[in-house]
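Given only the sequences and the hints, what does the whole structure look like? Please build it.
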Amino acid sequence: MPFQVESMDSSWRQRVDRGRITAELQTILGKGALLHHEVDLLVYEADALVTEKSRPDWVALPATTAEVAEVVKLCDREGIPFVPRGAGTGLSGGCMAEAGGVLLSTARMDALLDVDAVNRVAVVQPGLVNLWLSRATTPQGLYYAPDPASQQACTLGGNVATNAGGPHCLKYGVTTNHVLGVVLVTPDGQVMQIGGRTLDSPGYDLLGLVVGSEGTFGVITEIVVRLLPAPETVRTMLAVFDHLDDASRTVSAIIAAGILPAALEMLDRLTIQAVEPYANVGLPLDADAALLIELDGPLAGIDSAAARIRGIAAAHDAREVRDAKDEAERALLWKARKSAFGAYGRLASGTHVMDGVVPRTKILEALRRIAAIADKHGLRVANVFHAGDGNLHPNILFDAENPDEHRRALAASHEILEMCIEVGGAISGEHGVGLEKRDFMPRLFAEADLELMNRVRMVFNPRGLCNPGKVFPNGRGCGEISHHFAAEGAWI
3 MPFQVESMDS SWRQRVDRGR ITAELQTILG KGALLHHEVD LLVYEADALV
53 TEKSRPDWVA LPATTAEVAE VVKLCDREGI PFVPRGAGTG LSGGCMAEAG
103 GVLLSTARMD ALLDVDAVNR VAVVQPGLVN LWLSRATTPQ GLYYAPDPAS
153 QQACTLGGNV ATNAGGPHCL KYGVTTNHVL GVVLVTPDGQ VMQIGGRTLD
203 SPGYDLLGLV VGSEGTFGVI TEIVVRLLPA PETVRTMLAV FDHLDDASRT
253 VSAIIAAGIL PAALEMLDRL TIQAVEPYAN VGLPLDADAA LLIELDGPLA
303 GIDSAAARIR GIAAAHDARE VRDAKDEAER ALLWKARKSA FGAYGRLASG
353 THVMDGVVPR TKILEALRRI AAIADKHGLR VANVFHAGDG NLHPNILFDA
403 ENPDEHRRAL AASHEILEMC IEVGGAISGE HGVGLEKRDF MPRLFAEADL
453 ELMNRVRMVF NPRGLCNPGK VFPNGRGCGE ISHHFAAEGA WI
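Going by the numbering used here, the sequence shown wraps up at 494, each residue one higher than the last.
These aren't lab readings, by the way, just hints derived from the structure by calculation. Just so we're clear, the structure is a prediction, and the values are computed from it rather than from any experiment. The reader is advised that the hints may include incorrect statements.
[Stated by the list, open to error] The calculated DSS-like cross-link candidates involving lysine-lysine, where the alpha carbons are at most 27 angstroms apart (straight line), are:
1. K327 <-> K337
2. K337 <-> K173
3. K327 <-> K173
4. K75 <-> K33
[What the hints assert, rightly or not] Ranges between beta-carbon positions, derived for each pair:
5. E449 <-> T178: 18 to 28 angstroms
6. E453 <-> Y206: 13 to 23 angstroms
7. V236 <-> G313: 18 to 28 angstroms
8. T178 <-> P4: 28 to 38 angstroms
Virtual Cβ for every residue (Gly too), placed ideally from N, Cα, C.
See the structure below:
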């Protein structure tokens, strides 16, 4: 029988006294830190994967590790499922309370606890917004490198949970490369210190297990991160192409030439048409693709690297290549890139944002196949992605009020994930598996691999109460979950 884990349903509700649990949670959290009325819970029924929804029974807003631990102990004692949640910007349904229960929001835990500029380390609470950390450390000449496109809103706890990347992960690596330690409240309410302020700790790499575990090992309440010195200089370039093929080949040619940009991003025609009216950066609306290329580091040699990139782009028939003339123009170019997902609202009322990885040499083939899949289903697809490392983000556009288009968008998304696997890639580069992609895990891993992963999860989370139903297949794929819960009356 194919590997599956037992899914948790909502039958736990029949065993608990809702009024008593509400009173106990209010005692733990204090006034104004517990939401339990239906109108308040609506806000928390989904993350940014809005195609799936399920309402929690309570939203807890703890302010300290001690409060988190007490809430978790209550859930463990009563057999109530609980789900950690950051800003809700995730795109895989990872912080959706599929079985109801307590949603543990870290929104009030947003403090920058310490900055050690000498040792280039910061200690933060999980609700701190990603961008706020770099803004706070700029006066010391430091910054935090991982920069998801949602960094103006996403929080560091969620970044750790999904091992988030971002445009600059091409050169600097993803979240796990910048986390030194965490405080973790385990699913039975114990408080663990994993790692610390040093670069390595003796014993097993438990920190490596926790980062990217998607909230299934416990609730992270503090994070120790590495800070980097601001580069001496930054050079941001925009290359515009009449043909997507030429842009794709330019990406491979830059890396093949031994140049490692800090970021190498691609925007296709539909994305350009979505962002340009908002950002006004001068992107020609008839261009087929644009590359946003950023170099950083010592001043010595950066002009040479930029000249080589211009030559490579020209050799691949770039229409134009221009440098950002100052910091303001650089910021505007990045504003255009990082506003793309929101800008798609100009093109359609519904967007299904995908996250898959392919080998860099397969980008062109992947883009062609993505276009063919969308055309087959009678839909449009816009692409904006981390071209340097092959992390694709196809955005399937559909009419949110049309159930048939919604169904076709989900079907197309599944075919895109299958394609990523077929060309030697994976089903997630940074968004996580969550519930969106869990039933694709057997396509990547043997049953023995999945069983071993599940055994590791059970060491941390033996009762399955902490973020149940995520990562591992349970027989309910994306699109089936909402129908299941609607049938049970959990959200309609």
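Verification of the supplied hints:
1. With a C-alpha separation of about 15 angstroms, the suggested pairing of K327 with K337 holds against the 27 angstroms cut-off.
2. About 20 angstroms separates the Cα atoms of K337 and K173, which keeps this hinted pair within 27 angstroms; it holds.
3. The suggested pairing of K327 with K173 holds, with an alpha-carbon distance near 23 angstroms, which does not exceed 27 angstroms.
4. The suggested pairing of K75 with K33 holds, with an alpha-carbon distance near 20 angstroms, which does not exceed 27 angstroms.
5. The hinted range of 18 to 28 angstroms is satisfied by E449 and T178, whose Cβ atoms lie roughly 26 angstroms apart.
6. Distance hint check: the CB atoms of E453 and Y206 are about 19 angstroms apart, consistent with the given range 13 to 23 angstroms.
7. At about 20 angstroms, the CB distance of V236 to G313 agrees with the hint of 18 to 28 angstroms.
8. Remark: the range hint 28 to 38 angstroms for T178 to P4 is upheld by a beta-carbon distance near 29 angstroms.
Violation of the numbered hints given earlier is absent; every hint is satisfied by the structure.
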